[in-house]
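Trainee: Position chain B relative to chain A; hints supplied.
Listed below are the residues making up each chain.
Protein chains: 2
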Amino acid sequence: MMNKTVTKEFREKWISYIHSLQENICTSLERIDEKEKFGKDEWERLEGSGGGGLTRTISGGKVFEKGGVNTSVVFGAVTEKMKGLLNKENAAKWFAAGLSLVIHPLNPYVPTVHANWRYFELYDEADNVIDRWFGGGADLTPYYLFEEDARHFHQTLKNAIDPFGGNIYTEYKKNCDEYFSNSHRNNETRGIGGVFYEHLRPSDETGAADLLRFQQANGDAFVNAYIPIVERRKGMDFGPAEIEWQEIRRGRYVEFNLVHDRGTLFGLKTNGRTESILMSLPPRARWLYDHHPVPGSEEDKLLQVCLYPKDWLNTIISEEDKDEWARKSNSC
Amino acid sequence: MMNKTVTKEFREKWISYIHSLQENICTSLERIDEKEKFGKDEWERLEGSGGGGLTRTISGGKVFEKGGVNTSVVFGAVTEKMKGLLNKENAAKWFAAGLSLVIHPLNPYVPTVHANWRYFELYDEADNVIDRWFGGGADLTPYYLFEEDARHFHQTLKNAIDPFGGNIYTEYKKNCDEYFSNSHRNNETRGIGGVFYEHLRPSDETGAADLLRFQQANGDAFVNAYIPIVERRKGMDFGPAEIEWQEIRRGRYVEFNLVHDRGTLFGLKTNGRTESILMSLPPRARWLYDHHPVPGSEEDKLLQVCLYPKDWLNTIISEEDKDEWARKSNSC
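Same order as they appear, the protein sequences are chains A and B.
Using our numbering, you'd call the opening residue of the first sequence number 1 and step up by one each time.
Using our numbering, you'd call the opening residue of the second sequence number 1 and step up by one each time.
Extracted from the complex, chain A is given alone in its bound form (with noise of 0.2 Å):
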């Protein structure tokens, strides 16, 4: 049975964090747009049981077309639906605190992105914590292909990640592939994914404190790893083909988020804010009936990645790949 005294410190120090972090992304955000600042609303839990949140969004900027960083703190009741979910039979309440952010760029050439930081807890009748865990991860999601932006991205968040252990970058790139991708459409990805991970469970209060630490890297990360790409390609001239093809993008990306995102479908059914949680649609969106890009077109490429996944930094050793190098190396 853990500490209550400890766990309510370890809650408020991660609640600063996503405030501090929430301003410091839209603070980096509002600089490279140079037009529009993000506003915020204010907004209370009414369904359930209470908490609130901060919805800061952008609209009509000069770079992004539409954009959101929204910080949550809410909690609970169990409810019988959810302890079928939970699987934990003595389950009485709930606590979660998170950061969430997308951002929609005007330009084609500028990639769509996406993050959350999460931290939850679950506790029984008495207020005992009997479960808790984070969750987290970035994804980029770009219209067109620049193999130097898919690297830059991943290496920044592996540079976040890989203090904290030996091999979890190639696991959650991995992880973040298998989730935002559309099984209904021979699970192309959302993107060129990023990283994705869920119940990290600390053991102990060092084992949570180290959890902290990494979520922190992690969000630490994003600005570093998403700026320098929007900055590379937001001058690049555009025309009306590459709108028409970032909105048949965007369409994947609403066929993801609604058919697909259990944070999305777990909002809505549960009367969760609806603007909110919405922000992540793109502004604009197109569908073409039966589409298909041009073979070996520039929109074609990125449609590749989507279907075939790559190992953009070269950290996952296939035994195939093993095998041709032995050979390699036999035959030199």
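Please note: incorrect hints may appear among the correct ones.
All copies of an identical chain are treated as equivalent in the list; a pair is satisfied when it fits inside any one copy or across any two copies.
Stated by the list, open to error - Lysine to any residue pairs mimicking SDA-like chemistry, simulated, CA-CA at most 20 Å apart:
| id | residue 1 | residue 2 |
| --- | --- | --- |
| 1 | Lys40 | Tyr289 |
| 2 | Lys269 | Glu188 |
| 3 | Lys310 | Glu298 |
| 4 | Lys81 | His260 |
| 5 | Lys35 | Tyr289 |
None of these hints come from the bench; they were simulated from the model.
No experiment lies behind these values; they were computed from the predicted model shown.
Mentor: Chain B in isolation, oriented as in the chain A frame:
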């Protein structure tokens, strides 16, 4: 236990009907479009057991920006997952045939329309029919409210249905409002409704023949319910403000279809043909954060009848109305 031969003939009658209806509807829509024709995509079902369909789509028309009028005749083995849903322990095989259409016009003053008529059979291991039912309906999604259009659409559907019994229209109109609504947006309906019905089970072959006629009456009414509205509105002037509102409402259409529509989700999650299922999505959609039309504006008038569905033909007499009328009669 039902007679297998009769059922086969019956199925063939229904299949033949939906194919001729598909042809008729496409021809009527092409006539009004004047520019584009419906293409033909025949497909075979690869996953599951067998059958296929004919997907007919139009795009870039003078009147119709995007639309599909699809038929499918499919059959297969009942999976464990389906067994749970069907609640029939001895179910071994199934058969389904139907027509499904969604038409998205270019002009925001012309409403989007959806209709679907389907027939389903369930068999045991020995190929005996153990269940069979019809379902269907038609509903209208205007972007701007013209009460005469709403009344015309509902009246035409009611006229088709009325010969089949007392209060069916009123019941199916209510079903439609309840079904086509976004629970995550205070049950805002997708449009001004129409009729919707499911699980109409015949008790014998006479009943089955009656239900087939009922389906045909509904299917045959579609062109008369929709085309006069298109004729009235297709020449109206519009600008960027009307287009923006149309795209916002189309965003709601996407939300309903991808989050709530049972047919869409069943299709996507059982390896149905994605392009035929998602032909229902609009060509363009837009999401603005926390958008609300100006109170009293034309946009708001439409929204209000979605939030508070109207009884277009005054067929539902509420207890309050009855009291009100009683008071008025007494005071005269």
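Trainee: With reference to the structure, classify each hint as holding or not holding.
Mentor: Outcome of the hint check:
1. Lys40 / Tyr289: between (39 Å within a copy, 12 Å between copies)
2. Lys269 / Glu188: Only across copies: Lys269 and Glu188 sit 15 Å apart there, 26 Å inside one copy, limit 20 Å.
3. Lys310 / Glu298: within (16 Å within a copy, 50 Å between copies)
4. Lys81 / His260: both (19 Å within a copy, 18 Å between copies)
5. Lys35 / Tyr289: So Lys35 and Tyr289 pass the 20 Å test across copies only (18 Å; inside, 37 Å).
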